[in-house]
Amino acid sequence: MSAEVPVISCKNVWKIFGNDPTGFLKTMTPGMSFDEIRAAGYIAGVKDVSIEVNKGEMLVIMGLSGSGKSTLVRCFSRLHDITGGTIEVEGQDIMSLAEKDLIELRRSKMGMVFQSFGLLPHRSVLENVAFPLEMRGQDKHTRRERAMEVIKLVGLEGREDYFPRELSGGQQQRVGIARSLAIEPDIWFLDEPFSALDPLIRREMQDEFLRLQQLLNKTIVFITHDFDEALRLADRIAIMKDGAVEQCDTPDQIVLDPQTEYVRKFTEDIDKARVVHAGVLADATASGEGDPVDASLTVHSMARMLVNDTRAMIPVKKGDTIIGALSRQSALDILLGTGA
Amino acid sequence: MSVETTSLPAPKAALSNSQLALCFVAAAVVMTVVQYLGGLPEWLHRLPEALVPNFAGWLDAIFNFVKDDLGLLVVTRTLTEGLEWLLDASGNIFFGKRRWPNIGPIPWTAMAAVAAVVGYYLGGWRLALLGGGTMVWTALIGQWEIAMQTMSVLAIAAPLAFVIGLSLGIAAWKYAWVDNVIKPVLSVLQTLPFFTYLLPAVIFFKVGPTAGAVATTIYAIPPMILMTTLGLKKVSPEVVEAGKMSGCSRFQMLRHVYLPSARTEILVGVNQVIMLCLAMVVLTAFIGMPGLGAKLLAMMGSFKLGRSFEIGVTIVLLAVMLDRMSKAWVVKQPVHFERGTPFWKRHQMLLLGIAAFVGLTLISLVAPIFAEIGRGQDFSQGKELDNLIKAFLNIEWVKATTGFLRAFLNVQVLIPFRNFMLSIPTPAFILLVAAFALALAGRKQAIYAVIFFSLVALSGWWDRAIITLYSVISAVTLAALIGLPVGIIAARSEKWSTRVLLICDTAQTFPSFVYLIPAIMLFGITDIAVIFSILIFAMVPLTRYTIEGLRTVPEEMTEAADMAGATRMQKLWSVQLPLALPTMAVGFNQAIMFAFFMVIIAAFIGTQDLGQELQRTLAGTDLGKNFVLGICVSLMALTFDLTIMKWASDKKAVLGL
Ligand SMILES: Nc1ncnc2c1ncn2[C@@H]1O[C@H](COP(=O)(O)OP(=O)(O)O)[C@@H](O)[C@H]1O
Ligand SMILES: [Mg+2]
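Quick note, the sequences are listed as chains A and B, same order. The numbering of the first sequence is this note's numbering, which starts it at 1 and goes up by one. The numbering of the second sequence is this note's numbering, which starts it at 1 and goes up by one.
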């Protein structure tokens, strides 16, 4: 098996809402804008999106409310049938799956966490978490054991007999997370999992989430409308507007090199120094002298050193190997905001 | 493709709806005056007999075809056997009918204990007291057996209605075409007078408990369907998606996700099923079903008011008990137990219930009084109550009041009004109804009104239909005269609103039949008693919706009026009432529907309307005539329903509510 096959790969995907979406997509003039489509009585939930998610990476989908983030992710798991294009999950075209195979795919490979949790109110924490296992017909004993494992993992031990309404929002979302992990999915979808929570709890849950990710190392598609959250978590960020992906890149590239006006506006107020890493600034062809800096450091965390140092080029290392050198001046430009 | 079109305002209709309505009224007045002057040909006054199509005959032919040629009767009679078996079994358990499984009857003490435990489990001490108390009262007053006859049918009919309603509700939610078929059928079913359910039940399912159970079941199905679809539609999309992502198959989705998530609505449906079943099962006395209803009918018929009153109290207690318990079940939420709670503690209520049941059953084996309260051992005070009531009615001022009301209302108001309504020529009457629908709702409703009332005219039962309508209108008007002020005054304070609403809620759970008791007590077997029973029945929704309408007027608006220096009266007239009107109209509509329902029952007292004829058909096999009469009532009720509800929703839209 080739390691090159992306976990999810979608090409020219369209999802249109309306009376006769397929017919409309066939006859519409190419290049119609979101507003033109709306004037015709349809809504372009997802508009000509091509994107890939690689194994083990965390792709964060970003955008304002109504930009089509949820719709796109629901196409990945075929909660929505797409109107046009193709989506392949591990090389398999999911639109060609029969209902039985689709259910099998979800039972064995996918987990999803929802913004307002989507818990079943009449089931206890344990029964909620064990629900996907129950659906695939595991016996009571094994599913209880596995459910307890994930409940421990998300830190809800001792609450397994509670009912959802007896828990706080943060705890309910922990149940949602535990449920989505119960079947040990390869692909993990999270649709604004922390948006409904208070800011303090949100922070705590993000830390918790990063801890889990380090432990489990899954392929993740994470939706948020909060740029700070995206920057904290993402390997790559896809920014959406009106159903289309404006740019999909690493956080460093997005702030350093916004491809469209919309993305530039979005990143304007961001403190770039906290986002850009030494590794990105390193020029492989250049070399410097003295102590190297680690590639994973942000410009912000090197600030004191950058100001005090006198070298023009500073070597950058990744692990134990030198991967190049960064220009102190350009790093200072990012730090002081005088890049232009 | 299309050239830009400038949209012109639609050409103004020659006449606005209200002008057209006025023209209709004018035409009707002219026609009536000409009739008074003797200038109207008879065929314009009333449809000549010869022109009345033989609807009843045609319907009979259709029924006979379905019944015999299509073999429906064979099917239903087979069903009857199954149903009869179920009813026999529950009859044995509840009141010791000599049938399989031959273990009954359950001792009344055991039943009372179980009712108390269930009440405690659902709603604490108060419901325990209500549940146990109702059973103890029923036993001590000497009505245990008839009450259990009623309950034994309820115990079969309610679950049946639940299962059928739930299945149809699921089907209507899943398949649009089922929904499209069911909707109109439901709205007709809900206005069809209950007598119309009875005769077909008798013909297809034999006289007695079986037919009673069938009629009861059918009567209780519609709200279950509506609540089921409502609940299923309301399930949150995220919960549905969570289910799909958990890998549910279609059946698993329904079983584990949709139905449990719609629990609240489904249980509200269960509550309504139980209450409608109780209301109907009492009424099936008219087709000879034994039980509380039959006894009440007999007692009222022989004017034994004391016993009637006692039975009425039993029925009301049962109704309140069933209503409160099923409502408590709706709001009951699961609560977790602490780790390590022992088994007996987790199931303590269940164990307690079983223990009490077994214990009391065993005791009753040695002490028969615990099993059954025999003849002569009860505490019924029928005779004494009779005398008390008669003495009360004979008190000078009571007699004077009822006598005056009877004389004044009858002679000065009701009879003249009835004669007036009867004197209007049929076409003029139809025009008036059309004008009413046109002015309130619109052309579509007016057309329906014309069609519906013309059909009533064609049925050949016009005079009786008008008398029915007269009873409804008089009673609702009187009810409004009392109910609206009560509602307006109660709405002024939070405390009184809650109190009156509680009374209305409770009164609404009473089976309609018991409303006849006070009417007959006060006014004997007269026209006034009919009007009076409808009046109290119809007053409930009127008062209730008036309070609700007034209480939901947004705070800002009344405060704005206060700041503008409006007096209480001004505020009421110019701010609160206009905003509450659409809600009040819904209450008005319900009052009219209730009145149509009650007027048919009140036929038992003796009227000359459609109800009387309907009741007469029950004795025979006149299925066609029964249907024609029932549909006449339904058509008149539907006309009001369509018009008033349209008006209310229009007004709500205008007011942005
Ligand atoms: N089932 C649906 N039917 C019609 N329109 C929809 C549906 N779901 C989403 N939309 C529309 O698609 C657009 C994108 O919605 P969504 O993906 O939920 O946005 P986001 O998750 O980014 O807030 C919105 O304009 C929304 O109104
Ligand atoms: Mg969303």
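Quick caveat, the hints were computed from the structure, so don't treat them as lab data. Misleading hints may appear alongside valid ones.
Derived lysine-lysine pairs resembling DSS-like cross-links, with alpha carbons at most 25 Å apart [stated by the list, open to error]:
| id | chain 1 | residue 1 | chain 2 | residue 2 |
| --- | --- | --- | --- | --- |
| 1 | A | K55 | A | K26 |
| 2 | B | K174 | B | K97 |
| 3 | A | K100 | A | K140 |
| 4 | A | K100 | B | K652 |
| 5 | B | K652 | B | K183 |
| 6 | A | K140 | B | K206 |
Computed footprint of chain A on chain B, listed as stretches where at least three residues anywhere in the stretch have a Cβ under 8 Å from a Cβ of chain A [as the list claims (entries may be wrong)]:
| id | stretch |
| --- | --- |
| 7 | 230–239 |
| 8 | 251–265 |
| 9 | 322–335 |
Every value quoted in this text rests on a predicted model; they were computed, and no experiment measured them. Ideal Cβ positions, reconstructed from N, Cα and C, are used throughout, including at glycine.
Hint-by-hint comparison with the structure:
1. With a C-alpha separation of about 33 Å, the suggested pair K55/A and K26/A falls outside the 25 Å cut-off, and the hint is violated.
2. Taking the CA atoms of K174/B and K97/B, the gap is near 42 Å; set against the 25 Å cutoff, the hint is violated.
3. Taking the CA atoms of K100/A and K140/A, the gap is about 23 Å. The hint holds against a cut of 25 Å.
4. At most 25 Å may separate the alpha-carbon atoms for a hinted pair to count; K100/A and K652/B exceed this at roughly 48 Å.
5. Distance check on the hinted pair: K652/B and K183/B sit about 23 Å apart at the alpha-carbon level, within 25 Å; holds.
6. Annotation: proposed proximity of K140/A to K206/B is violated, straight-line Cα distance about 49 Å (limit 25 Å).
7. Counting residues of the stretch 230–239 of chain B whose beta-carbon sits less than 8 Å from any beta-carbon of chain A gives 3, enough to reach three: the coverage restraint holds.
8. Coverage of a stretch by a chain is defined here by at least three residues with a beta carbon nearer than 8 Å to that chain's beta carbons; for the stretch 251–265 of chain B and chain A the count is 6, and the condition holds.
9. Look at the stretch 322–335 of chain B against chain A: 3 of its residues bring a Cβ nearer than 8 Å to a Cβ of that chain, three or more, so the hint holds.
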